[in-house]
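*Asks:* Residue numbers (this note's numbering), protein chains in the order written: chain A, 2 to 309; chain B, 123 to 386.
Keep in mind that the hints were calculated from the coordinates and are not lab data. Note that the structure is predicted; figures quoted are calculated from it, not measured. One or more of the hints may lead you astray.
So, partial list: chain B residues that the calculated Cβ filter (under 7 Å) puts toward chain A [what the hints assert, rightly or not]: (1) Arg141; (2) Glu231; (3) Ala239; (4) Asp365; (5) Ile381; (6) Leu382.
For each residue, glycine too, the CB sits at the ideal point set by N, CA and C.
For reference, the chains in residue letters:
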Amino acid sequence: MIRTENLTRRYDRVLALEGLTFEVHEGELLALLGPNGAGKTTTLRLLLGLISPTSGRVWIAGELMTPESHRLRRQIGYLPETPGFWERLPAWKNLEIYARLYGVPAARARAMALLEQFGLADRARDPVATFSKGMRQRLALARALIHDPPILLLDEPTAGLDPEAALEVRELLRSLKGQGRTILLSTHDLEEAERLGDRVAILRTRLLALDTPDRLRAQRFGTMVAIEVDGEPEPYLSRIRGQPGVIQAAIRNGRLEVQVADLRTVTPDLVRSLVEMGAPILSVTPVKASLEELYLRIIREGRGSAES
Amino acid sequence: MSLSRIIAVVDKEIHDALRNRYIAMLMIILPLLFAAIPIISLTSIRQIPASGEPSEELPPGLARRLAGLPPRTQLEVFLASQFMLLFWIAPLAIPMTIATYSVVGEKREKALEPLLATPVTTGELLIGKAIAAACPGMALSWGAYFIVVAAAYGIHLSPPAMETLWGPTAWVQIFVLGPFITLLATLTGLIVSSRVNDPRLAEQVGMIVILPLLGLILAQSFGILWLSGTLLGFIALFLLGADALLVALAVALFERETILTRWR
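Just need the whole structure built from these sequences, with the hints factored in.
*Replies:* Structural data, given as C-alpha cells:
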C-alpha cells in the first residue's frame, strides 16, 4: 500500500533522511520510531508529496507520489505533529471545509457524524481555540478520517496528551486498525508502538531496523529465560554454560539469566539438569527485553556504525 | 482546477475573516469613513454661491477643463472626481489585511500543513484566497458608494458633478477598475504573504500598490491629467493584464516546501 525506494532528503547541507526503503502492507500498522530529528516527519511529508525527495521514489496504492499528485492525496488521511486548525472557526466548520476539499458528498452531515463518533458533538459549534489538547487531537483524527481514506499517516498523535486522553486516542487507533486501514504511526512512545504496531521501523536518518518487536528481540537479544533459586546461584552457573542449547548464561539481579537457542526445547532440559544438581528452584520465567532496551541498543548500534 | 474546492477555500476565508475582530472593525469603520468624507465635503461647499466668477484657486490645467462652469459647480466636479479615485482606494485596506494575513496567519496557526495535504492545488488555494479577500472590501466599497450617490441626490448636487459621480465613466471606475485594482492589491498581498513570515511586514510591503493610486489622485488634483473614458479604458486593460500576470506569479512564487520547512 505504501512503498518507498531509496528515499533521501537533504535540507541544504543537512541530511535528514538517507536511502529509506520500506513497505507498509495493506491493513498493517507500522510504528515509526526514532529520536528527535531522525527523519520521521520528513518521511511522512515525503509520503504525502508535501516535499519532494532529493532522490528516491514513493508509491501510494501503486501510484507514484509527487508534489503534483493532488488526486492521490485522497487516498491518505494525515495527522501532522501539530494538528493546526482554523482557530476562530467552529469545529464542525473546520471539518466541513476539509470534507469539501476532499470532495466528500453531504459534507456537513459527514462532519457532524464524525464529531458524534469522536465524542465532540456537544462542542461542534464552539471555536477550536476553546478546545483542550485532547479534544484537538480527537478532532485532528476526525479530520484525517473525513474522506474515509484507506491510508493514515499519523505524526505523534498522543504526544503531549495526559494519560487518559492518550489512552482514548490509542483506543481510537486500535479501532481504526481493526477497520483494515493501513497506518503509519510515528511515535516516541515505545509502549504504544509495541501495543499497536504489527511491525516497528527504527529510524535514525537511515532505517536501522524493521520487523516485528519479537523478531527484533530474538535477533538482538536471543531468547532468554530467568531462573530463580533459593540461595546463591553462583555454583550452578559454570555447569549450565556447558548445557546443549545454552548460548550464554549470567547472573543478574541475583538470578540466573540464560540465553537459549529455543525456549520450548532447551528450558525443560535446563530445569531438569538444575534439579539433578540439587538446585532449589523457586521460579522459571521467560525474559522479554523491553522495547525500550531493544530500541536503545539499535539506536546505539546505529550511532556507532555512523561514527565508524 | 476545481470550482468546488475554490468555493470551499472562499467559504473558509470569509468565515475566518468575519470572526477576526480587527478585520470586523475595519469592515465597519472604513465604509462609514469612506461614505462620510465625500458627504461632509460636498455638503460643506453648499455655502459657496451657485453662480459668479470662476474660481482662480484651481490649478491652471484643471481650471481649463472646467472653464465656463460656476465656481461651486467647478468645485463639486473637482471633488466628485477626486472621490471617485477615493473609491478605488476604499476597497483596498480590508482585502489587503485579509490577504496578507491569510498565508502567514495560517502558517502561524500551523493550519497550512494539513490544508496542503488535501487535494487542493496551489492555483485553487490562491484564487480562493484572493476572491475571499477581495469580496468583502468590494461589497463594502460599493455600499459606501451607493450611500454617497444617494446623499448627492439628496443635497441636489449640480448635474455636471452628479454625472461625475453617477454615469458611465463613474460606473467603469467603480465596477470595473475597482475590482481590478482590488484584485491587484490582494494578489500582491498574497505574494508578499507567501514570501515573508510576519503578517505586519506583509501588509506594509503589500500597501506599496496604493502608491501609484495616490500618484493619480495628486496628478488629477494638480490638473496634470484628467481621467477620461479613453484613459480609463487603457488603465482597465493594463490592470487586467497585470492581474493575470500576478495570478501566474503568485502560483509560481508560492513554494509549498519552503513555507512548510523553513518558516518557524
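*Asks:* All hints are to be evaluated individually against the structure, with a verdict given for each.
*Replies:* Hint check:
{"no.": "1", "hint": "Arg141", "verdict": "holds, 4 Å"}
{"no.": "2", "hint": "Glu231", "verdict": "holds, 6 Å"}
{"no.": "3", "hint": "Ala239", "verdict": "holds, 4 Å"}
{"no.": "4", "hint": "Asp365", "verdict": "violated, 24 Å"}
{"no.": "5", "hint": "Ile381", "verdict": "violated, 10 Å"}
{"no.": "6", "hint": "Leu382", "verdict": "holds, 6 Å"}
The structure shown violates the earlier hints numbered 4, 5.
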